[in-house]
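Chain residues, written in single-letter form:
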Amino acid sequence: MTTAAHAESGGLFGWLNRSHTVAKPGFSRWLVPPAALCVHLCIGQVYAFSVFNLPMTKLIGITESAPDDWKLTQLGWIFSIAIVFLGLAAAFTGTWLDRVGPRRAMFTAALCFGGGFLVSALGVHLHQLWLIYLGYGVLGGCGLGLGYISPVKTLITWFPDRPGMATGMAIMGFGGGAMIASPLSVLLMEHFSSPTNVGVTGTFVTMGLIYMAFMMIGATIVRVPPQGWVPEGYVPPAEPKKLVTTAHVHVDEALKTPQFYLLWGVLCLNVTAGIGVLGQASAMIQEAFPGKITALAAAGFVGLLSLFNMIGRFFWASTSDYIGRRTTYMIFFALGMVLYAAVPWTGQTGSIVLFVAFYCVIMTMYGGGFATIPAYLRDVFGVRYVGAIHGRLLTAWSTAGVLGPVLVNYIREYQINNGVPKADAYSVTMYIMAGLLLVGFILNWLMTPVDEKHHMTEKELKASMEA
Amino acid sequence: MSDTTHHETVSGANKVKLVLAWTLVSVPLLWGVYNTIEKAAQLFK
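Order-wise, the sequence lines are chains A and B. Heads up, the first sequence is in the numbering used here, so the first residue is 481 and it goes up one at a time. Heads up, the second sequence is in the numbering used here, so the first residue is 3 and it goes up one at a time.
A few of these clues could be false.
Lysine to any residue pairs mimicking SDA-like chemistry, simulated, CA-CA at most 25 Å apart [said to hold, decoys possible]:
#1 LYS19(B) <-> TRP709(A)
#2 LYS551(A) <-> PRO675(A)
#3 LYS942(A) <-> PHE921(A)
#4 LYS19(B) <-> TRP495(A)
#5 LYS47(B) <-> PHE838(A)
#6 LYS504(A) <-> SER13(B)
#7 LYS47(B) <-> GLY759(A)
#8 LYS19(B) <-> SER508(A)
#9 LYS47(B) <-> VAL531(A)
#10 LYS47(B) <-> ALA775(A)
Derived from the structure by calculation, the hints contain no laboratory data. Everything numeric in this text was worked out from a predicted model, so none of it was measured.
Construct the entire structure; sequences and hints are all you get.
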């Protein structure tokens, strides 16, 4: 190959360029959701990271913790750092992603997320906790953020007729990732363990390589539609719904609109309520039904919640294509308020089935909140910068990731210290969560279309396309 | 925006890719769901 031809192809990594990802005739848009799922099924592993916590407290002692072994409190930071870097990476790489396209972003996410596992494996091998903070926390967290937002805009562009369903399908994968990672981690640790090793190093290396390869497959499959492409038979509605715009808002301009902050609050409050109870689900059901629920059954309950979290992502996001995003969130907040407030009552009646059923519906709406937000952003701010705007909005998730568990733990401890029986300790928490949802309901109710002064002009739009 | 374009006729090779891609993501997902349901069954025993 001549130098000129080499430069034309983009060199060794030329296949990552946006120009190489434009779909050719004969390509099916239904190949894009599995490409996105390849990434989201991997990065969803983060929700199952706690499965490593206990084994990592016995790296030296093997059968029980030795004095030099890491403490659970130290290990808890790994997840927190990863979630914080997820938010930061999503917020700061959105515009870069928009410029380079989904393939390069997915490729980078694969290197970061898989590489994070490999650096962490070294950290476990050398018993250096900072290497795990840096590996899984920082590097892996960046992979999480980049991987999470990378297919969103591409899916919305391929499915203008059903954007909620398309992004819901990908984000459903994030919910499902933990369901794969949890048993996979246990199996691998069993395989690599020996009388002198708990098997975490081998598990990290294997998972890092598997995830890297799986995400690379997604990067290889993904394509962007040619400019101006629309699905056959699709006719954009002559008169769009009130909150659905055909204009485009620049990502920096979006931050100057009240709509961005209203949606930030909507996502933050929906996630705070859900994440708060999700983290405490096992303890909650055991304390609400003392003597009736074993630790094993409680673990089953947590698994069931993950399943409904995943189902909700697809169900609610798809439903929102028909009933509208604003209405969907109205249902989340209104129904959520009723269910959160009624959970203590189900505990008092002693009905495990009712308690579980209420929680399962709550979890569908928690997942649905994540999955419906990209389509909501597309409706309000247009398609052009939806990926970058989504990235910035995900800082709401990082905030809620800290706020939710802290709120639930603090309120519970305060009540128990004041003599409230453990079985009743969560009642006030649930009422406070219902209150948060009321605030969310009001924020969502206040949503209006973005003022036209924030819309990009034809000239600006053309310039941004060329850039 | 340029003129609207359509090319919905999926080529044979892409049909094979479709089946492979969906199988690739469905198998691990179904395995995860099966494991979760099996574990959740403990709740009602």
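How the hints compare with the structure:
Straight-line distance between C-alpha atoms of LYS19(B) and TRP709(A) comes to about 21 Å, which keeps the hinted pair within the 25 Å bound. Distance hint between LYS551(A) and PRO675(A) is fulfilled; the C-alpha atoms sit about 21 Å from each other, no more than 25 Å. For the suggested pair LYS942(A) and PHE921(A), the alpha carbons sit about 37 Å apart, so the restraint of at most 25 Å is broken. Of the pairs offered as hints, the one joining LYS19(B) and TRP495(A) holds, with about 19 Å between alpha carbons and a cut-off of 25 Å not exceeded.
A hinted pair counts as satisfied when its Cα atoms are at most 25 Å apart, and LYS47(B) with PHE838(A) qualifies at roughly 19 Å. For the proposed pair LYS504(A) and SER13(B), the alpha carbon gap of about 10 Å is at most 25 Å, so the pair holds. The hinted pair formed by LYS47(B) and GLY759(A) meets the criterion: a straight-line CA distance of about 24 Å does not exceed 25 Å. For the proposed pair LYS19(B) and SER508(A), the alpha carbon gap of about 9 Å is at most 25 Å, so the pair holds.
The hinted pair formed by LYS47(B) and VAL531(A) meets the criterion: a straight-line CA distance of about 24 Å does not exceed 25 Å. At roughly 13 Å between alpha-carbon atoms, LYS47(B) and ALA775(A) fall within 25 Å of each other, so this suggested pair holds.
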